[in-house]
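Line by line, the protein sequences are chains P and F.
FYI, our numbering numbers position 127 of the first sequence as 802, with every residue one higher than the one before it.
FYI, our numbering numbers position 56 of the second sequence as 57, with every residue one higher than the one before it.
Everything labelled a hint here was simulated from the structure, so no lab data went into it.
Predicted, not measured: the structure shown is a model, and the values here were computed from it.
There may be inaccurate statements among the hints.
Stated by the list, open to error - Listed next, the in silico SDA-like pairs over lysine to any residue satisfying Cα-Cα at most 25 Å (straight line):
1) F:Lys55 x F:Met82
2) F:Lys31 x P:Gly756
3) F:Lys578 x F:Asp590
4) F:Lys20 x P:Leu758
5) F:Lys31 x P:Glu801
6) F:Lys55 x F:Asn710
7) F:Lys24 x P:Thr747
8) F:Lys20 x P:Asn755
9) F:Lys20 x P:Gln763
10) F:Lys279 x F:Lys55
11) F:Lys578 x F:Pro501
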Amino acid sequence: MQVEMTVNGQSMSADVEPRTLLVHYIRDDLGLTGTNVGCDTSSCGACTIHINGESAKSCTMLAAQARGTDVTTIEGMADNGTLHPMQQAFMECHGLQCGYCTPGMVMAATSLLKENPNPTEAEVREGLEGNLCRCTGYHNIVKSVLSAAGNSTNGGSQ
Amino acid sequence: MTATESAPANVVGTPRLRKEDPKLLTGEGKYVDDIHVPGELWMGMVRSPHAHAKISSIETSAAAEMDGVHAVYTGAQLADMGLWIAPLPCAWPVTDDMVNPPHFPVATEAAHHVGDIVAVVLADSRYGAVDAAELVDVEYEVLPAVASIAEARDGSATAHHDLDSNKAFHWPLMPDPDALEAAFASATHVVKGEFVQQRLIPAAMEPRGVLAIPSPAGGDVTLYSATQVPHILKVMIAATTGLPEAKLRIIAPSVGGGFGAKLNVNPDELLAVTLANKLGRAVRWTESRSEAAFSTHQGRGQLQTIEIAADESGKIAGVRVHIDADMGAYMMLITPGVPLLGSFLYTGVYDVPAFGFTCDGYFTNLTPTDAYRGAGRPEASYAIERAMDMLAAKVGVGPDEIRRRNYLGGGGPFENLETASTLVFDSGNYGPSMDAALEMAGYADLRAEQQRRRDAGESKQMGIGLCTYVEICGLAPSRALGGLNYGAGGWEHAVVRFLPTGKVEVVTGSTPHGQGHETSWSMIVADKLGIDPDDVQVLHSDTAISPLGLDTYGSRSLAVGGVAVAMACDKVIEKAKLIAAHQMEANADDLEFAGGAFTVKGSPESTMPIQAIAFGAFTAHNLPDGMEPNLQEQVTFDPPNFAFPFGTHVAVVEVDEDTGDVSLMDYTAIDDCGTQINPLIVEGQVHGGIVQGVAQALWEEASYDADGNCKNPSFLDYLVPSAAEVPSMKLGSTTTPSTSNPLGVKGVGEAGTIGSAAAVINAVCDALSPYGVTDIAMPATPARVWKTIQQAKGGQS
Ligand code: FES
Ligand code: FES
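Please model the entire structure based on the sequences and the hints provided.
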């Protein structure tokens, strides 16, 4: 079946099996491989994207269910080579190591700040509960998000 | 640009941001599953649902007839095709008589763990491969399964039906058995701890995956694999398949974490290479998360017994340890060696006059075990650090005091000190480490708050746990590895080359997967050569670009590979000096190299930047007679000794006595990894390591039922912690340079994990000590803690 949607501001279309997961449509059919897959139980958040401005795990729905929506993936975050402030914060606070969880983290974190522009450390930790990282111990991820929010005072040591 | 303008920044030791990040932050990083080629076929694995079963028959026709299916192969068919000439390798036969049943990529007669591959399908799509694998109909004759170390020891069933015992080896480290016996015979205090190191699923966030691309006419095969060890993999693939080593190219592209789980030689890697080569089409596979519990090795899996003999004051006289280690169903690359890596560290940071260690390895019908972050060393530090707390209780002193009384070197600085476990510790200074940790944690205040809660009888009690660890890294002096029967050396290779335009290319044989080698190596080179770190490009992880290397594991990269890079820079400077002397018509001995330029001593106006020399070496118009063109040098560094990082961790937990819930309130770590290249990266490594150790202590366990089924293979039940479960951490460091290498560096990739599980469980036991609780098994789940409290209360009344 033909599935079309707007991805990172461009209208995209691909012919896929009806059972195709949105994350596989994005990765395998559109070739946008920045969105990762870390699990098969909707637990890890590596696949987090924005659908109509809200964060969603793209492994939990079929591509067909996202027909006609406006999708943003990690590839759509930087603006003409300038990192999005959240990406910049992750870089400055060493919020990534292997980088596998990072696209999902950045997407989840930007939408967290959209809903709560001034979160406490505890709110950031709760807000990112659906995104797993095995490398960083979260310390610097939390610090990155607080720093992007302009609130680096309670980000921990350093 | 001249070198004097871009004056050397002295970047080593500064928290420099990583060059790796922009690519990874924008989705540009390519992991294996991101790379596609036309005509690729997807492998689907047919896996045994039984832990131990003979294969009676395999019916493949339904799968083979499915649309989009290219082929279906059983193990017997693959064996007949002659795709391999040897079983999967075990590079560490720890004893000459170690039992090592043959292990082929696809089982032929019997499956020995749930998930053992019994057939493979090839289909033209990701989903098609999974569907087709489900259509393969296998009949089994189910055999009794060995589902735990206890059952393996008992031996009423054997994990391999053609073996008459489950025992794989017995390995002793008994430097002086008589002295050990005497120490225990004359001791005032003897404490004994029996601990379970539960099995863990490493759970790197990127699942493993492979893509093999053949070139049918040329006969080459390129394998992309999510691996930590492309170089080792290349040798091992050649040795197991008979394909010429020179025709193989292994590439580890962006790799999403490893933690030891990606240092193996796996069935899928061998299948992809041989089938791609056979069929002339690209072959790929990516494990699903739930499949990973069966397709990727697990960690830990040990039963430990440790005894400490001490005098009246708690001064240690001897330490005796026995380990029963769960190999799982097969010996993988270094499966039997993992407990040995820990064996030398059961004396901890202490002055132990007499020591003895034995290990028995057992087969079970469970997923094979192998290295997982720390590999043997977290187990060792857990055992000795838990036992030290037991000793403190017995002697009646605090956990800090018992440690102080026993520190090697009296708690002061030392170098090159021989221990009872036959190692020579490069350097240490343990007392200040603990002082700094207790100070940063606010130890006195914590104890006061603990007392307040106890006195008030609050339901939320507090526990404070210490761990003073030492670990062994910088693997490894090749001779030492030879002495341990390890099948390879421990050197690392580096090339440093100036390009004609003055930029520098570094080729390293170590293989990062999140550790930031590109950044750290650039910093080392920048300071050595007096150039901008951004002018350094670090190439790695592709055997065609970096043909020599022994890869990344065991916190070895910096202490071996980084040192090789530094030494190669020294050689570049030596050669450049000869060229400079020639071109400046000066005596080489009169030249100084600083700030990226050679200057004639005493005449600062007579100077030549190294970039100009590099260009001169490229044009080769005016080189000393007989000198080869180009400015490029290589070094293979084989360290003379291991490196021994150490540190003190302090965990503070709150235990809710009504629910058994344990929460980590605060965590302080002072780590000493020798000279630091990039403190930002050091701290990141420590953070991540700590949380993995905390996770072992409180949440994670691969649990199996009596039939050998893993009950929690997916992230629904295997509890990898999220940000919500852990606090921010307070880190600090001391710096005691290593004597094992010229940079004074030690290694830090595993330190966090090695220190944290013991600190957390010591804290939990400390919280429960008023009830007389002296031990609790990992993971200290709410149910387990609650039960322990109830039993203790019952026992008291
Ligand atoms: S891949 Fe979507 S939540 Fe894990
Ligand atoms: S950076 Fe590796 S999983 Fe988060």
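Inset, instruction - Starting from Lys24 of chain F, check that the Cα of Thr747 of chain P is at most 25 Å away, please. - result: 18 Å, holds
Inset, instruction - Verify the proposed pairing of Lys20 of chain F with Leu758 of chain P, using a straight-line Cα cut of 25 Å. - result: 14 Å, holds
Legend entry - Lys31 of chain F paired with Glu801 of chain P [C-alpha distance capped at 25 Å]: 30 Å, violated
Legend entry - Holds or violated: Lys31 of chain F to Gly756 of chain P, with C-alpha atoms at most 25 Å apart: 18 Å, holds
Inset, instruction - Mind checking the alpha carbons of Lys578 of chain F and Pro501 of chain F for me, to see if they're no more than 25 Å apart? - result: 17 Å, holds
Legend entry - Given pair status - Asn755 of chain P, Lys20 of chain F, alpha carbons within 25 Å: With a Cα-Cα distance of about 19 Å, the restraint between Lys20 of chain F and Asn755 of chain P holds, given a limit of 25 Å.
Legend entry - Proposed proximity, Asp590 of chain F with Lys578 of chain F (alpha carbon, max 25 Å): 9 Å, holds
Legend entry - Restraint status (C-alpha distance of Lys55 of chain F to Asn710 of chain F at most 25 Å): Judged against 25 Å, a Cα distance of about 17 Å means the pair holds.
Inset, instruction - Assess, step by step, whether the Cα of Lys279 of chain F is no farther than 25 Å from the Cα of Lys55 of chain F, and give holds or violated. - result: 28 Å, violated
Inset, instruction - For the pair we were handed, Lys55 of chain F and Met82 of chain F, check the Cα-Cα distance against 25 Å. - result: 22 Å, holds
Legend entry - Given pair status - Gln763 of chain P, Lys20 of chain F, alpha carbons within 25 Å: At roughly 13 Å apart (the allowed maximum being 25 Å), Gln763 of chain P and Lys20 of chain F satisfy the hint.
Consistency note: the structure conflicts with the earlier hints numbered 5 and 10.
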